[in-house]
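Peer 1: Sequence:
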Amino acid sequence: MSVALLTPVLIDSARQQALREGRRLLPVLQEQSGLAADSFMRAIGQLFAWPVLAMSDMQAMEGAFDRLSFTDSQQRSSLLLHGAEGYRLVFSDPFDAALVSWAEHVAPADCELCLAHPDDVQAWLTQQEVRLRAIQEQVGEGSIAYVPDDDVQDISLLRIREQDSPVVKLVDSTLYDALKLQASDIHLECDSHSMAVKYRIDGLLVPVTQVQGLDVADQVISRIKVMANLDIAERRVPQDGRFKVRVNGREIDFRVSIMPNIFGEDAVLRLLDRQSLTEAALELRLENLGFEGPVLRQIRQLSARPHGMLLVTGPTGSGKTTTLYAAITEINTGQDKIITIEDPVEYRLPRILQIPVNEKKGLTFARGLRSILRHDPDKIMVGEIRDDETAQIAVQAALTGHLVFTTVHANNVFDVLGRFLHMGVDPYSFAAALNGVVSQRLLRLSCEHCATAYMPDDEELALAGLTPDAVTGWRFRRGQGCGHCRGTGYKGRRALAEVLILNDELREMIAIKAPLGRLKELAAQQGMLPLRGEALRLVASGHSTLAEVSRVAG
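In this text, residue positions in the sequence shown follow this note's numbering: the first is 5, and each later residue adds one.
Everything labelled a hint here was simulated from the structure, so no lab data went into it.
Keep in mind that a hint or two might mislead.
Label-pair restraints from in silico Cβ distances [claimed, not checked]:
| no. | residue 1 | residue 2 | range |
| --- | --- | --- | --- |
| 1 | Arg555 | Gly521 | 23 to 31 Å |
| 2 | Pro348 | Glu116 | 50 to 58 Å |
| 3 | Arg24 | Lys184 | 27 to 35 Å |
| 4 | Gly422 | Pro310 | 22 to 30 Å |
| 5 | Glu255 | Leu117 | 23 to 31 Å |
| 6 | Met263 | Asn507 | 42 to 50 Å |
| 7 | Glu116 | His413 | 51 to 59 Å |
By construction, the Cβ of each residue, glycine as well, lies at the ideal position given by its N, Cα and C atoms.
The task is simple: from the sequences and hints, build the whole structure.
Peer 2: Structure (structure tokens):
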């Protein structure tokens, strides 16, 4: 890449635009140059006569946080790395005179100054957050105020936060970091000597840090119990609760599950950002979730039926409820009475009556559903069928002229049938009520900013059940890790589904409890597309990887 592309005229133009817009010169110059990130940094390196490191170069070295703290690295977007060739101080903006002066001052005598793209520096730091997570250093990055839930009135929560306690700081920073990384869950897992902190990000558990000492682990769990208004003294049985926090003006809900183990107690906290979900509800459409082609048409066909039941199934965190919300949003014309009962209410939808389950006060799914049927509904959404009574009422509602949307935890469309029959639902009634089943998963997509072409070897193809001849013409791509994807190689997820639409023959087979093999034959004959086939189609087009398909679809 020739340095001539970064002419004095171009640099002066970028500097003037940066001054007008109050931005830094480096990103403005990259925009005006039209160069890709790697080409741009090579040109910058030639301009200033400094070596440039790629992401792979930095990943081959270790961070020297004993000489340049993690906090300083984040604040200055700079890295002190140590490898086989010695120390290297990496920074990203050579136009920042103060940063260059600082780098020259703090660099050890045996250290080489290098440049790297700002996104790559941030991606490397994010990877270190996953590995190291200096949690207590992050407390000052955001303000957290606890907001008691309807059942949490203990004002001592505010007093506890004001104390200069390491445990309070640890809990506060854990919550804040999880929100910053857009985690869906926080896992606190105790063993014989320590407590592991993990975040679930894009469906995968990511280790964050290890808190040494069971006494500290006990204090952390007790702190969370206080926040969720749970019994601190009770350590022998599971407990469930919830609390709210306010982070920079946004209210975040946390659902808490405490579980005893042989060393103490574990905790899982589910995060729910209602404001972002409410904003996302405005864009809820089935195609926006990733559905397309025959699957999209089939789900819309099922959600447009005048009565019956639409079941969505899949493991926890597979997007079942979001799919139902999108389907309901599309059919919500205002001409039908639509009522939902959920635990909790996630998206807030306009012109729809949404009822939150409150088991402590006796409002269960079954009791709420009975009351809903007396409220003259046309369409009903039951957040989840968990017990025999709810299943029976939902089936009866579908048989009496209502369209019922609901979810059930099962591995595929055929397992759902067995789940209902095991709940004691009459097979004839169930077959008559059921319109169709959607089984779905969320598949991570390769990061478009760092994905490069590759060819899997024969062993990887064999593990995926493929042969070299079968993948002729496929466009294999996988992410290398960059600032856009936090160094993971994946950015974003999309929904995959297989849809079983019942016809008279399938209903008859279900009613007589026909063998599973016969049901699968009939489903294939009527054109049901398997979920794994849809996942492999995304691999063939370069949007995901075989490893991700194996993780999600087996």
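Peer 1: Evaluate each hint against the coordinates.
Peer 2: Cross-check of the supplied hints:
1. Arg555 to Gly521: 23 to 31 Å: holds, 27 Å
2. Pro348 to Glu116: 50 to 58 Å: holds, 54 Å
3. Arg24 to Lys184: 27 to 35 Å: With a Cβ separation near 30 Å, Arg24 and Lys184 satisfy 27 to 35 Å, so the hint holds.
4. Gly422 to Pro310: 22 to 30 Å: holds, 28 Å
5. Glu255 to Leu117: 23 to 31 Å: violated, 45 Å
6. Met263 to Asn507: 42 to 50 Å: holds, 44 Å
7. Glu116 to His413: 51 to 59 Å: holds, 55 Å
The earlier numbered hint that this structure contradicts is number 5, and it is the only one.
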